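Those protein sequence lines, which keep their order, are chains L and Z. Heads up: the first sequence runs through residues 1 to 349, numbered per my numbering. Heads up: the second sequence runs through residues 1 to 133, numbered per my numbering.
These are calculated hints, taken from the structure and not from any lab test. Be careful, since some hints might not be right.
[Stated by the list, open to error] No farther apart than 30 Å at their CA atoms in a straight line, the calculated lysine-lysine pairs in the BS3-like style are these: (1) Z/LYS44 / Z/LYS101; (2) Z/LYS57 / L/LYS318; (3) L/LYS89 / Z/LYS99; (4) Z/LYS28 / L/LYS73; (5) Z/LYS101 / L/LYS344; (6) Z/LYS87 / L/LYS341; (7) Z/LYS99 / L/LYS68; (8) Z/LYS50 / L/LYS344; (9) Z/LYS87 / L/LYS318; (10) Z/LYS50 / L/LYS331; (11) L/LYS331 / Z/LYS28; (12) Z/LYS46 / L/LYS331; (13) Z/LYS131 / L/LYS344; (14) Z/LYS87 / L/LYS228; (15) L/LYS25 / Z/LYS109; (16) L/LYS68 / Z/LYS50; (17) L/LYS73 / Z/LYS50; (18) Z/LYS114 / L/LYS344; (19) L/LYS331 / Z/LYS57; (20) Z/LYS109 / Z/LYS28; (21) Z/LYS28 / L/LYS89; (22) Z/LYS109 / L/LYS318; (23) Z/LYS50 / L/LYS347; (24) L/LYS73 / Z/LYS131; (25) L/LYS345 / Z/LYS114; (26) Z/LYS50 / L/LYS318; (27) Z/LYS50 / L/LYS89; (28) Z/LYS28 / L/LYS344.
Computed from a predicted structure; not experimentally measured.
Given next are the chains, with one letter for each unit.
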Amino acid sequence: MQEAGIVGYGFFVPRLRITIEEIAKTWKKDGKKTSAGLGLQEKAVAAWDEDTATISVEAARMALETAKLDSQKIGAIFVGSESHPYAVKPTATIVGDAINAGPAFMAADLEFACKAGTAGIQVCMGLVKSDMINYGLSVGADTAQGKPNDALEFTAGSGGAGFIVGKEKNEIIATLDETFSFTTDTPDFWRRQHAEFPRHAGRFTGEPAYFRHVFGATHAILEKTGLKPTEFSHVIFHQPNGKFPRIAAKKLGFTEAQLKQGLITPLIGNTYSGSTMIGLASVLDIAKPGEKILAVSYGSGAGSDAFVLTTTKNSSTKRAPISVLEMIQEKEYISYSEYAKHRKKLKSL
Amino acid sequence: MADNAIAIHWRRYPERYLLRGCHCETCKTDFFPGRLFCPNCRRKGKMVSKEMPRTGKIVSFTEVFVGPIGFQHETPYFLALIDLGNKCMILSQIVDSPKEKIKTGAQVKKVFRKIQDTDHEGAIAYGYKFKVS
């Protein structure tokens, strides 16, 4: 079977920010305590002319630029999100036309809470490894919804990242060595058809949901590959807040140093389908050749996709034109009332 | 967008998504938006499709305080005339840019944004806007 690996990556984080303290002030909560409890300071907010499609297009364009690839060579586009702008009409078609990939490509939108983007990478791996396509693009992006005054409102951010999977050895930045998924029917978080905001099962989202699946997928992929936590240079866990990935890393035997580069949620909030993927992009921004990377996503509902990657010599030359950490420095703070306008939380909008 | 405007928007996707205009191979001139006919060469002209540069510089700009229908909640916002560097000029909204950086001569780059989304059940119009780079 063909080898498959990442040949290009891109990302996009909207410029607007709201601090956790600003949200807390609106609801008469202790901002400092809330911020410390969640392990994050602020979140990225999509402006009102931004949505999952615009974020996906920007991430896809950067991925093509990093890969130095002709968009007409893309054979498949998948967009994973739980905030697709249309309930029926694929975001992937908008991305395809906006990067001039069409019309000869397969496309589909995926939904699996926060892990739909990594599910897209797995589909691309299968298609590339089986020689059905030469290059596949998977984007994970969200403009995550949080009900006003709900715990999610403090963390639900906006952003996304895209990865192009290919097979040419001289183009691969990081080989996709192994993947494993751990999936169960767990009702920890959901949004019913026509409902505007998702609901969640409070504390139930921790142990039986996030940790069980992340631990399950991580243990399985380590066993499958025979690798130990100490053999990885970087690890990325899904980041619903700043605390969960730190707890997961500690319990699984990874250090803060291994986690640091890919832990982006404290700075931009939980970007749902973009979360693990932006973390991986940030790691690729600095990774040196020959480094092992473990990336484990988590999507409510529930499932985790784990990946083991190894960077190649191309990783030091094929880098995004701007790093994740540089992009998120470009920001403008807004008030809660401006946030309510941009996210159309006011009825008349 | 209104349902009866869908066809008009759809025909302009190449222009709005990719900044695709055209180029006359006879007089080597770029045009945006695209034309069927080269005004310089007339019937001797040979027009081909061409994507315009995605960067340019602001030639002139204005701040809009009273927006037309569909844009009234976005005010105040900036509109700018942008020179794409190939003698093509384009009028676009400027977004994601601090007010003090929006000035004549500022370098800008194309971004992909929603242009119109006023009908909650209607189709969304996407296209280009620019930001100061």
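Against the structure, the hints:
For the hint pairing Z/LYS44 with Z/LYS101, the CA-to-CA distance comes to about 44 Å; that exceeds 30 Å, so the pair is violated. At roughly 28 Å between alpha-carbon atoms, Z/LYS57 and L/LYS318 fall within 30 Å of each other, so this suggested pair holds. Proposed proximity of L/LYS89 and Z/LYS99 is contradicted: the alpha carbons are some 36 Å apart, above 30 Å. Between the alpha carbons of Z/LYS28 and L/LYS73 the distance comes to roughly 28 Å, so the proposed pair stays at or under 30 Å and holds.
As the CA atoms of Z/LYS101 and L/LYS344 are separated by approximately 27 Å, the hinted pair is consistent with the 30 Å bound. Simply put, Z/LYS87 and L/LYS341 have alpha-carbon atoms about 38 Å apart, too far for the 30 Å limit, and the pair is violated. Restraint check: the Cα-Cα separation between Z/LYS99 and L/LYS68 comes to about 33 Å, which exceeds 30 Å; the hinted pair is violated. Distance hint between Z/LYS50 and L/LYS344 is unfulfilled; the C-alpha atoms sit about 37 Å from each other, more than 30 Å.
Pair hint Z/LYS87 plus L/LYS318 does not hold up; C-alpha atoms about 33 Å apart against a cutoff of 30 Å. Restraint check for Z/LYS50 and L/LYS331: not satisfied, since their Cα atoms lie roughly 34 Å apart, outside the 30 Å limit. At most 30 Å may separate the alpha-carbon atoms for a hinted pair to count; L/LYS331 and Z/LYS28 exceed this at roughly 41 Å. Using a Cα cut-off of 30 Å, the hinted pair Z/LYS46 and L/LYS331 is violated, with the two alpha carbons roughly 46 Å apart.
With a CA separation close to 23 Å, the supplied pair Z/LYS131 and L/LYS344 stays within the 30 Å bound. At most 30 Å may separate the alpha-carbon atoms for a hinted pair to count; Z/LYS87 and L/LYS228 exceed this at roughly 59 Å. With a CA separation close to 36 Å, the supplied pair L/LYS25 and Z/LYS109 exceeds the 30 Å bound. Distance check on the hinted pair: L/LYS68 and Z/LYS50 sit about 19 Å apart at the alpha-carbon level, within 30 Å; holds.
At most 30 Å may separate the alpha-carbon atoms for a hinted pair to count; L/LYS73 and Z/LYS50 meet this at roughly 19 Å. Taking the CA atoms of Z/LYS114 and L/LYS344, the gap is near 14 Å; set against the 30 Å cutoff, the hint holds. A C-alpha spacing of about 22 Å is found between L/LYS331 and Z/LYS57, which places the hinted pair at or below 30 Å, so the restraint holds. For the suggested pair Z/LYS109 and Z/LYS28, the alpha carbons sit about 24 Å apart, so the restraint of at most 30 Å is met.
Taken as a hint, the Z/LYS28 and L/LYS89 pair is broken in the structure, with Cα atoms around 40 Å apart against an allowance of 30 Å. The hinted pair formed by Z/LYS109 and L/LYS318 meets the criterion: a straight-line CA distance of about 22 Å does not exceed 30 Å. Proximity of Z/LYS50 to L/LYS347 is assessed by CA-CA distance (about 43 Å); at most 30 Å being required, the pair is judged violated. A threshold of 30 Å between alpha carbons decides the hint, and for L/LYS73 with Z/LYS131 the separation of about 29 Å falls inside it, so the pair holds.
The hinted pair formed by L/LYS345 and Z/LYS114 meets the criterion: a straight-line CA distance of about 18 Å does not exceed 30 Å. Proximity of Z/LYS50 to L/LYS318 is assessed by CA-CA distance (about 27 Å); at most 30 Å being required, the pair is judged to hold. Proposed proximity of Z/LYS50 and L/LYS89 is supported: the alpha carbons are some 28 Å apart, at most 30 Å. Distance restraint check for Z/LYS28 and L/LYS344: the Cα-Cα separation of roughly 47 Å exceeds the 30 Å cut-off, and the hinted pair is therefore not satisfied.
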